[in-house]
Structure formats: C-alpha cells, structure tokens
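Read off the chains here:
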Amino acid sequence: MRIVAKMATGGPVEVLLVPLIAILASALLFAGFVALAGVNPLEVYALMYKGAFGTWFSLQNTLQRAAPLLLTALCTALPAQMGMVIIGAEGALVMGGLVAVAAGLPLVGMGAPVFLTQLVMALAGMIAGGLFVALAGALRHWRGVNETIASLLLSYIAIAVMNQMVEGPMRDPASLNKPSTGAIGDVYMIGTIPGMDVHWGLVFGLIFCVLTWLLMFHTSFGFAARIVGGNARTAKLVGLPVGFLVLAVTFLGGAAAGLAGMVEVAAVQGRANASLVAGYGTGGILVAFLARQNPIAVIPVAVLLGGIAASGGLLQRRLDLPDATVLVLQGILFVVLLASEMLYGRLAVPRLSLASFLRLRPQRS
Amino acid sequence: MATPEAIGWVGVPLAVIAGAIRVSTPFLFVSLGECLTERSGRINLGLEGTLVMGAMSGYGVAWLSGSLWLGVLAAGVVGSLFGLLHGVLCSLPKVNDIALGIALMMLGTGLAFFLGKPLIQPAVENLPSINFGWWSDIPQVQEALKINPLFIVGIILAPAMMWAFRNTRWGLIVRMVGDSADAARAMGYNANTVRVLATVAGGFLAGIGGSFLSLYYPGSWNEGLSSGQGITAVALVIFARWNPLYCLYASLLFGGAGALGPALQAVGVTQGYYLFNAAPYILTLIIMVASSSSRRRLAGAPAELSVTR
Chain A
4 MRIVAKMATG
14 GPVEVLLVPL
24 IAILASALLF
34 AGFVALAGVN
44 PLEVYALMYK
54 GAFGTWFSLQ
64 NTLQRAAPLL
74 LTALCTALPA
84 QMGMVIIGAE
94 GALVMGGLVA
104 VAAGLPLVGM
114 GAPVFLTQLV
124 MALAGMIAGG
134 LFVALAGALR
144 HWRGVNETIA
154 SLLLSYIAIA
164 VMNQMVEGPM
174 RDPASLNKPS
184 TGAIGDVYMI
194 GTIPGMDVHW
204 GLVFGLIFCV
214 LTWLLMFHTS
224 FGFAARIVGG
234 NARTAKLVGL
244 PVGFLVLAVT
254 FLGGAAAGLA
264 GMVEVAAVQG
274 RANASLVAGY
284 GTGGILVAFL
294 ARQNPIAVIP
304 VAVLLGGIAA
314 SGGLLQRRLD
324 LPDATVLVLQ
334 GILFVVLLAS
344 EMLYGRLAVP
354 RLSLASFLRL
364 RPQRS
Chain B
2 MATPEAIGWV
12 GVPLAVIAGA
22 IRVSTPFLFV
32 SLGECLTERS
42 GRINLGLEGT
52 LVMGAMSGYG
62 VAWLSGSLWL
72 GVLAAGVVGS
82 LFGLLHGVLC
92 SLPKVNDIAL
102 GIALMMLGTG
112 LAFFLGKPLI
122 QPAVENLPSI
132 NFGWWSDIPQ
142 VQEALKINPL
152 FIVGIILAPA
162 MMWAFRNTRW
172 GLIVRMVGDS
182 ADAARAMGYN
192 ANTVRVLATV
202 AGGFLAGIGG
212 SFLSLYYPGS
222 WNEGLSSGQG
232 ITAVALVIFA
242 RWNPLYCLYA
252 SLLFGGAGAL
262 GPALQAVGVT
272 QGYYLFNAAP
282 YILTLIIMVA
292 SSSSRRRLAG
302 APAELSVTR
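First to last, the protein sequences are chains A and B. So the number in the numbering used here is just where the residue sits in the first sequence, counting from 1, plus 3. So the number in the numbering used here is just where the residue sits in the second sequence, counting from 1, plus 1.
By construction, these hints were calculated from the structure, which means they are not laboratory data. One or more of the hints may lead you astray.
Unchecked claim - Just a few of them, taken from the derived set where beta-carbon distance is under 10 Å, the chain A residues facing chain B: (1) Phe-36; (2) Ile-160; (3) Ala-163; (4) Val-164; (5) Ile-288; (6) Leu-324; (7) Leu-330; (8) Ile-335; (9) Leu-346; (10) Tyr-347.
All C-beta atoms in this analysis are idealised placements derived from N, C-alpha and C, irrespective of residue type, glycine included.
In isolation and in its complexed conformation, chain A is listed as follows:
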C-alpha cells in the first residue's frame, strides 16, 4: 500500500537519489566556502568525520546530540503531515524543560521515588510542549492565523517566559553568574544507557519516532490526518474531525519537543536555565525537512546532523574556525535541499524496471 502510494509520487530511487544529490552538492558548496575562508576543505571533512563518527567517544557525542534532534524534528515533521509548517520546536523544548523542573522539584523535595519523579517530569514536559504547539495549531484552525509565524513568535515568547522564571520566581539563590532553577540532584537524573556514555534520551527519541511513524502511516488516525494535509476541504466533506486531528497532531509534535526539553534538564543540565536554548529546535526543523517529514527517516538524518554538530568543537579547536561554521553548513544544506525539490520527476532514473519490480511485491503479499 505504502510503496504503491510512493510510486505515484515519483519512485523510490528518486526519493533516495535526490536528497543524496542535494547533500553532495552542498558538500561541494561548503568546500568552496571554507576554501575561500583559507582552510583546506579536505582537512575540514576529515576532521568532521573524525569528530562525528571517527572514534567511539565522538560517536557517543554524536548520538548524545542526535537524541534531542530526533524529538524536535518530530515537532516539525508530524504537523507537516497535515500540511502545516511549524517552526516552534525551540519554544516547546524550553517550555517542556521548564515545566518538567517545576513539576519535579517539589517531588524531589518530598523525597519521592526516583522513577515516579522522572515519570511525572516527562509527562509534565510533554504536556507543556504539547499544549504549546497545539496552541499554534488551534490558532491556525479556528482563527486562520498563519501557523509558521505564530509558532516562531510563540517560541520567542516561551524563551522570554523561561528567562523571566529563571531570573525571578524559580531562581535558585545560589546560582550567581548564570541564573538557574534549583537542581533536581544527581539521584534523580536520568542515567546513561548501559555500556555507553549516552543518556536514555536517545532511546526515548527512537521510540517516539517509530511509534509516530506507525501512527501516521499504519493507523486510520494517521490516514485521516494525512487526508487533511492533502486536502482539508475533502477531509471536511467526508466528515473527518479536522479540528480534533489538527489539535492531536500538533499536540504530539509539541509533546516530542517538550520531552526533548525534559531530557535536556533531567539528563544533561540537571536544572533549567538559558542553556536550554541551544539550537536543537532550529536543527530539528532542518532534520525534518531533510527527512522529507517522515518520522522514520528522521532517525538517520538526526544522527547525520548530530554528527555535524558534534564535530563543530573539533573544527574550532584544530582549524580555528568560528563556531558558526556548523550553522553555515546547515544553512547551505537546507537551501540546496529545498532547491533540489525541482529534480523530482525530472531525473532520468531507471524507474521503469525498478518500479515494475516493486509494484509486483505488495500485490503478492
């Protein structure tokens, strides 16, 4: 069923080939850019590989950075299935982290069981992030407010609210030069996956991606949501609850980003502060687009982007490149990727043979 649906839009070879061409073209452009900046591009790429996947240490660093990207990418990818462009993951992450701490600290104070505290924190973070993005969905559905601009504005507001809370009502008086909330303490932190130096957030992200992929592509709920994305008027005509679907999917996307915030707090920072605004939200947008808004494809792309981000530090130390180097590569990648959309249906790929081969199989099974 799924393969046939994809065949209609252009063939599986194309779906892999076009992003590959885009990645290759952006790699060339970026090589030109660093060459202009006076650095040997080959050296840059060698270092990037080393810093991202070269050693066990760097691979773990990459996976650690991929974990929040898996979740923030869903914040864009899931609503995109309904035809909405949401770019508020940064705000949902911040809200999720802040509310998770707010919910966790009283429990920590009471000496509640560790697992219960973490569960409450995760749920609080997901609900906060979910409601936050669902607000953008609701405004779009009932008021016709453009969801792209609204979600970005909400994101700025969320960051302001977080700064306000961290400097004011929720501030730990002991945090002098970097205002923060109180710490949840080492006992309550989410540990690492056995045998690795990577926290459990990676597993949460993987589970979230697989479950939402199943939901969107293998349930009637997901089918209905994608009908709304295809044509909202048709969806209304056949009696689909468009408002509910919009709210549910935007809530899910926001919940993913909110969980990313909770993980940042409970596995990395230990407290909420301005470090939550680390660009995972904007990185997630790129991951979602590169994965063509497919939750399963988000997984490899998030690892790739996590690797690029992880190698930034090495580039800075060895080649004295600014930390924004990674941002430039991401920007080039994003622009080239979108421009490569025009290639769909225009490449002379051997579609006939492969298409007919694949078309037979779903009918058999």
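Chain A is already provided as a structure; the job is to place chain B on it using the hints.
Just chain B now, kept in the frame of chain A:
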C-alpha cells in the same frame, strides 16, 4: 535644568515615544521590503537572516572603508543578493517559498555569525543623527528627538510606495502579478521575473534595516543583535494589510512596545524585564489572532500569496 531623576515616571512615555522613533526603523525597512515582496505574491520569511546579514556587512564595510554610508549601501546590496537567491530559487518548479525562507533565515544568521566573528571587537562610529530637540531644555526630550536620517527616509518611503502601488505602471504590474499570475501572463508579463525583482528590492530594504541595527541603534555588531525583529516585521505586514502606510504606523507601535522594557528598567521597575522585552512578539501574536479569520480571506491580501490560504 531638569535632571534625569526629576522627570521620573514621565520619562516612561517619553522613552516609549523615543523608542518608537529609534527602534522602529528596522521594523519599518523590513516591513516595507516585505510588503513589496508579498504584494507580488511571494512571502520571504528569510528577511530575518537578511537583516542580520545586513547588520554584519554594513558594520564590516563601514569599518574597512571608513565610510558609514558606504556601509549602509553595502548592507542593501548584500540584502538584495539574498533576495535574488530567494527569488530565483522560488522560481524553480516545486520550490516552496515559506520553507526556503526558513532555510535562508538559518543560512543568513550562520553566515553573518561566521563572517562577523572578527567584527565584534572593533568599534565603528555611529551614523549621525539630526537634532530636532534643540528647543527643549530637558535632556530626555532632546535625546528622544535625535532622529536618524534613515528613519526620515523610511517615513518618506512609506507613502511614496503606497502612491507608487496605486499610480505607477510598475506598481500596477506588481499588484497584478500578486493577484493573478494568469492575468499577468495574459498581459505579456512574466510573473517570475516580476517576483524576483520585487524580492530583490525587498531584500535591499531589509539589508538597510539591518545596517541601522549595527550602525545606529544599538550601534555595534554582536550575535544577539537581532532576535526576531525580522520575523516580527514579516508578521507586521499581514497586520498592516499589505498597505505601506499602515506598515509605518505598525512599525512605530512595535518600536514603542520594544522600548517599554528598557524604559521601565530605567525608572527602577526591574520586575518582568524579560516579559516586557517580549512585548513586541506578544503584541504581534495578539494582533494576528484578532485580525485573522478562518472563514474569509484577509481584506487586501494578494490572491497569489500562500500565507493567506
């Protein structure tokens, strides 16, 4: 002579008015540029990146050449290059203007941070201002009425652009392309060419708005220079109903809202500093909610614009 303390709370509305004049200029230039682009039927969300690029390149060129106005011009040129990139790529089949805008927002910010790294240290003289407050003894009033020439250019540009939309051949062509690409084609105009030109011109204005940030107020280059002024200005165009004159009023309103936080802090209200800084975003959102509708198209919206589907 009145001292700063003597005027106390009166200083708050005064500072808001001063802020409306001082802070509004980037809003004004970005929104006028975006207004032109959107009137031709495309939305360029990348103006946030263009604004930051303009700020960086304006500062850099002013530092290297020693000429402030050359810096402003360079910012405009860099902005129009970004506009050209957006315009040409959007003319390709299947390329979505909203998504490309987000991409250019990231690329512009990244490039500006990369290239602007050496510019954080050097101090460049700021653009001169014209003193309209000579008649007053109160320093705050004098301060409020020190007006930058770019602001004056902006308030002349707004009605001029409105007049041009209504009365000139070019204005009619842009509006026609924005309302119906088919009609434009029937008349022998290439919609893509017109849109590319409108995006280039819009990028030029946004770039100049960026140079105001680094060369006048706040008046130096750093990575936190723009935090969403560009995207706020894009939202402001919707609120202004694609009318350049309303863009001017809206920019003044937003400038005033942006000045509220620092003004209150100056008189000792430190509570809620961050929330007052977020005032322009909250205001934008409220206005967008109040002025949108799910049932009808927005009045005055170009029919080809994807943002008002």
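(request) Tell me if A/Phe-36 is really an interface residue toward chain B, meaning its C-beta lies closer than 10 Å to one of theirs. (result) Hint holds; A/Phe-36 Cβ to chain B Cβ min 9 Å, cut 10 Å.
(request) Would you settle whether the hint for A/Ile-335 is holds or violated, based on the nearest Cβ-Cβ distance to chain B being less than 10 Å? (result) With a closest approach of 6 Å, the A/Ile-335 hint holds.
(message) Just to be careful: measuring from the Cβ of A/Leu-324 to every Cβ in chain B, is the smallest value less than 10 Å?
(response) With a minimum Cβ separation of about 8 Å from chain B (threshold 10 Å), the hint on A/Leu-324 holds.
(request) So, A/Leu-346 near chain B? Judge it on the closest CB pair being under 10 Å. (result) 9 Å, holds
(message) Please check whether A/Ile-288 passes as an interface residue: C-beta within 10 Å of a C-beta belonging to chain B.
(response) 6 Å, holds
(message) Would the hint on A/Leu-330 be counted as holding, given a Cβ-Cβ threshold of 10 Å to chain B?
(response) 3 Å, holds
(message) Holds or violated: the hint that A/Ile-160 contacts chain B, with Cβ atoms closer than 10 Å.
(response) 5 Å, holds
(request) Report holds or violated for the interface hint on A/Tyr-347, using the least CB-CB distance to chain B and a cut-off of 10 Å. (result) Constraint on A/Tyr-347 satisfied, holds at 6 Å.
(request) So, A/Val-164 near chain B? Judge it on the closest CB pair being under 10 Å. (result) 7 Å, holds
(message) Let's test the interface hint: is any C-beta of chain B closer than 10 Å to that of A/Ala-163?
(response) This interface hint holds because 3 Å falls under the 10 Å limit.
In summary, this structure violates none of the numbered hints.
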